[in-house]
Amino acid sequence: MLLLIQYTLIFASVLMLVALGGCFSEHSGVINIGLEGIMVMGALGGALMMKFLPAGTSAPVMLLLVVLAAMALGLIYSLLLAVAAVNFKADQTLVGTAMNLLGTAAATVFVKAMNTAENASNVSSTIQYIDAKKAFLVNIGGFEFNWFMVLALAALVLAYVTLYKTRFGLRLCACGEHPQAADSVGINVYKMRYAGVLISGVLGGLGGVVYITAGVSEWKFENGVAGFGFLALAVMIFGQWKPTRIALAALVFGLFRALGNVYTGFDFLKALNLPSGVYNMLPYIISLVILAFTSKKSRAPKAEGVPYDKGQR
Amino acid sequence: MKQDRNAPTLLQRKGVQSLVASLLCIVIGLLIGFVVLLVINPTGAWVGIKTIVENFLYYPSGAARMKYLGSTLVKTAPLLMCSLSILFAYKVGLFNIGAAGQYVIGAGASLYFALGLGMPWYVCLLAAMAAGALLGGISGALKAYCNVNEVISCIMLNWISLYAVNMVLSTVKEVASPYTLTLSSTNPGAILPSLGLGKLFSNNQYVTIAIPLVVVMAILVWVVLEKTKFGYELKATGFNKYAARYCGMKEKRNIILTMVIAGGLAGMGAALFFLTGFEQWQCTQSSVPGMGFNGIAAAFLGGLNPIGAIFSSYFIQHITNGGAYLDKTMYSAQISDLISSLIIYLCGFVLFFKHFMDMRTAKKQERESVAAKAAEAAKAAEEVKTEEVSDDGKGGDQ
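Protein sequences appear in the order of chains A and B.
Quick note: the first sequence uses the numbering used here, first residue 618, plus one each step.
Quick note: the second sequence uses the numbering used here, first residue 23, plus one each step.
Treat the hints as calculated values from the structure; they're not laboratory data.
It should be emphasised that the depicted structure is a prediction, and the values quoted were computed from it without experimental measurement.
Heads up, some of the hints might be wrong.
25 angstroms max Cα-Cα, derived DMTMM-like pairs, lysine to aspartate or glutamate [claimed, not checked]: (1) Lys837(A) / Glu301(B); (2) Lys89(B) / Asp380(B); (3) Lys89(B) / Glu248(B); (4) Lys927(A) / Glu301(B); (5) Lys376(B) / Glu398(B); (6) Lys376(B) / Asp926(A); (7) Lys263(B) / Glu835(A); (8) Lys350(B) / Glu835(A); (9) Lys837(A) / Glu248(B); (10) Lys706(A) / Glu761(A); (11) Lys257(B) / Glu921(A); (12) Lys263(B) / Glu839(A); (13) Lys913(A) / Glu761(A); (14) Lys350(B) / Glu839(A).
Rough simulated footprint, nothing fancy, chain B against chain A, three-plus residues with beta-carbon under 8 angstroms [claimed, not checked]: (15) 723–729; (16) 771–783.
Across the chosen pairs, the derived CB separations fall in these ranges [as the list claims (entries may be wrong)]: (17) Phe705(A) / Gln227(B): 26 to 32 angstroms; (18) Leu889(A) / Leu41(B): 55 to 61 angstroms; (19) Ser199(B) / Phe705(A): 53 to 59 angstroms; (20) Tyr781(A) / Gln387(B): 33 to 39 angstroms; (21) Thr674(A) / Pro200(B): 47 to 53 angstroms.
Where is the CB? At the ideal position from N, CA and C, for every residue including glycine.
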């Protein structure tokens, strides 16, 4: 049971971080389908930092550097979307899809090249960080507390305050609802959209590194992040683009995802004798069903996905 | 010599623009791929990019080249079907990222009907189409009735179908390996007929009627979209579903039907590949096969035109296959994935490229017309001057 709570919380943290990222991007008016790719890049940044920091690095330094590396790589990678969507008015869905494919392919190529350079017979795309990972964990009576959970909570509070209580956040939302109106009162829509996308890059990258350290201590980059970025998008939609509701949605989805990891620990679930594939499918099926019931009264930002053109009326 | 100013110049023709834009995407994509190779290992980079572009030409003998051209074509067939699926939906304003899942479930259905139920190939093919169509139909219905974004529902269905197919096909897999039983040993009747096509490709047994069939399908899709009332209705729905409704079209039915057709196309693609026996399904697969995603690249690279898709699909498959020949001690085969994903990314800029070309020609024309007007004005002024001069009856220094 403790294990279930632990996994639920950590997966919920991942989903919350990434979904909040998506929330910022969409409130500025840019659909970010590329979150999956951004997560992969953030994961890569974090994994590399864990791999190359010397073994004796103290835990807080390690945590800080890993988080910064993941955020930085996510930020840089999200520039691809920002440039294409804001400056070149590209189809955002297409660019996002390309970023997902590119993220996994680039990370795989990079890690494989690095591994073969170290050892010619090693052609895997796996990075190990078994020791480094311990820096994030605090063991409290069998419950593995993870500092990332605190980070996710902080991100939630910060996102709520930023979006609803600051001038920046309100302007950001204006750009996603009616960019022409925002422009007419002197808000630079292009800048705001850049900000939205880049914030989603930072949060997505952070979510990526949290995901690959949740439960495992090595990551095979060929697998990308197994659709978690999309799950986060579903969380965002289910959360109706509102931070507090996103947090609740993330907990629900995290629970179902965690069940796949720990269902063997429950006697009654084990007695059902379902194949593991069923548990793997569960989060996706649940999200589909929930989306079917909640999308009708969708509160999506009105101008999302529409490139802003100054000359257009 | 008067020229009709409204006639489009070469660069203004839509077809030419699409072609130039696509070629630009390819060149930039390959260039970046080359730079990546250079960064990883400078000594082998030129050979590496050459290997990717050459693909089967890597073999010195003509017979081997034909054989591996055949293999590339075998894998092009499903890719073309996926890209047709995507472009068909895109023309109706839907982004069918679910082609990947529809492909997976098509593979599952065709292989289960072949191996588990021992059906002949045409039944398996129909089963795959039906399964893909059903999956597409779910996304379409969710979009039409529940307002669920088709991209999200498709992605969820991609993963659901992957795990479902893994579970179902585990019942017909080899005991010692994670792969499904081979068609040739279990049910040869499920293998697509070759009709002697294999002989053309140095006896490549995997070359079957699938290859001519997909070309026919591409033409069929073009005809439906461009030449029929049904296709026109679908496109009108995609353009503005409210307008379509006011014109008396059933816009919900059209959305669902589009996704059903798109799903059927992708499912059929899977059957046309797996029923050749070229590959077995791996029941432990943990990621959705890239075929459907590469289909997006092919669809956009082909300028969203079914005929263009034939060539772009071949190109994408050509470089993907070429990646397999790379020197593994230096580079990984995923370089090809990297290049094709870069090409998809660049396809996002196609609109900009086209706009740029329009601007260029428009500017050039404006300059020309300004110059022409200036010349005319100068001429007119001169004529006036000469008239004045002749009126005066004095000689001028003309």
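Hints and how they fare:
1. For the hint pairing lysine 837(A) with glutamate 301(B), the CA-to-CA distance comes to about 24 angstroms; that is within 25 angstroms, so the pair holds.
2. Of the supplied pair hints, the one linking lysine 89(B) and aspartate 380(B) is violated, its CA atoms being roughly 43 angstroms apart against a limit of 25 angstroms.
3. Among the hinted pairs, lysine 89(B) with glutamate 248(B) is inconsistent with the structure: their alpha-carbon atoms are about 36 angstroms apart, more than 25 angstroms.
4. Between lysine 927(A) and glutamate 301(B) the CA atoms are separated by roughly 52 angstroms; this puts the pair beyond 25 angstroms, and the hint is violated.
5. For the proposed pair lysine 376(B) and glutamate 398(B), the alpha carbon gap of about 32 angstroms is over 25 angstroms, so the pair is violated.
6. Between lysine 376(B) and aspartate 926(A) the alpha-carbon distance is near 17 angstroms, which keeps this suggested pair within the 25 angstroms criterion.
7. Proposed proximity of lysine 263(B) and glutamate 835(A) is contradicted: the alpha carbons are some 48 angstroms apart, above 25 angstroms.
8. For the proposed pair lysine 350(B) and glutamate 835(A), the alpha carbon gap of about 23 angstroms is at most 25 angstroms, so the pair holds.
9. Only pairs whose Cα atoms come within 25 angstroms are accepted, and lysine 837(A) paired with glutamate 248(B) is rejected, the gap being roughly 45 angstroms.
10. For the hint pairing lysine 706(A) with glutamate 761(A), the CA-to-CA distance comes to about 45 angstroms; that exceeds 25 angstroms, so the pair is violated.
11. Annotation: proposed proximity of lysine 257(B) to glutamate 921(A) holds, straight-line Cα distance about 23 angstroms (limit 25 angstroms).
12. Proposed proximity of lysine 263(B) and glutamate 839(A) is contradicted: the alpha carbons are some 40 angstroms apart, above 25 angstroms.
13. A distance of roughly 39 angstroms separates the Cα atoms of lysine 913(A) and glutamate 761(A); the hinted pair therefore is violated under the 25 angstroms criterion.
14. As the CA atoms of lysine 350(B) and glutamate 839(A) are separated by approximately 16 angstroms, the hinted pair is consistent with the 25 angstroms bound.
15. Counting residues of the stretch 723–729 of chain A whose C-beta sits closer than 8 angstroms to any C-beta of chain B gives 4, which meets the bar of three, so the coverage hint holds.
16. Against chain B, the stretch 771–783 of chain A contributes 0 residues with a C-beta closer than 8 angstroms to a partner C-beta. That does not satisfy the three-residue criterion, and the hint is violated.
17. Roughly 47 angstroms separates the CB atoms of phenylalanine 705(A) and glutamine 227(B), a value that falls outside the hinted 26 to 32 angstroms.
18. Our hint of 55 to 61 angstroms for leucine 889(A) and leucine 41(B) holds, since their Cβ atoms are close to 57 angstroms apart.
19. Range check, serine 199(B) to phenylalanine 705(A): about 47 angstroms between beta-carbon atoms, so the 53 to 59 angstroms window is missed.
20. The hint said 33 to 39 angstroms for the Cβ distance between tyrosine 781(A) and glutamine 387(B), and at roughly 52 angstroms that hint is violated.
21. About 40 angstroms separates the C-beta atoms of threonine 674(A) and proline 200(B), a value inconsistent with the hinted range of 47 to 53 angstroms.
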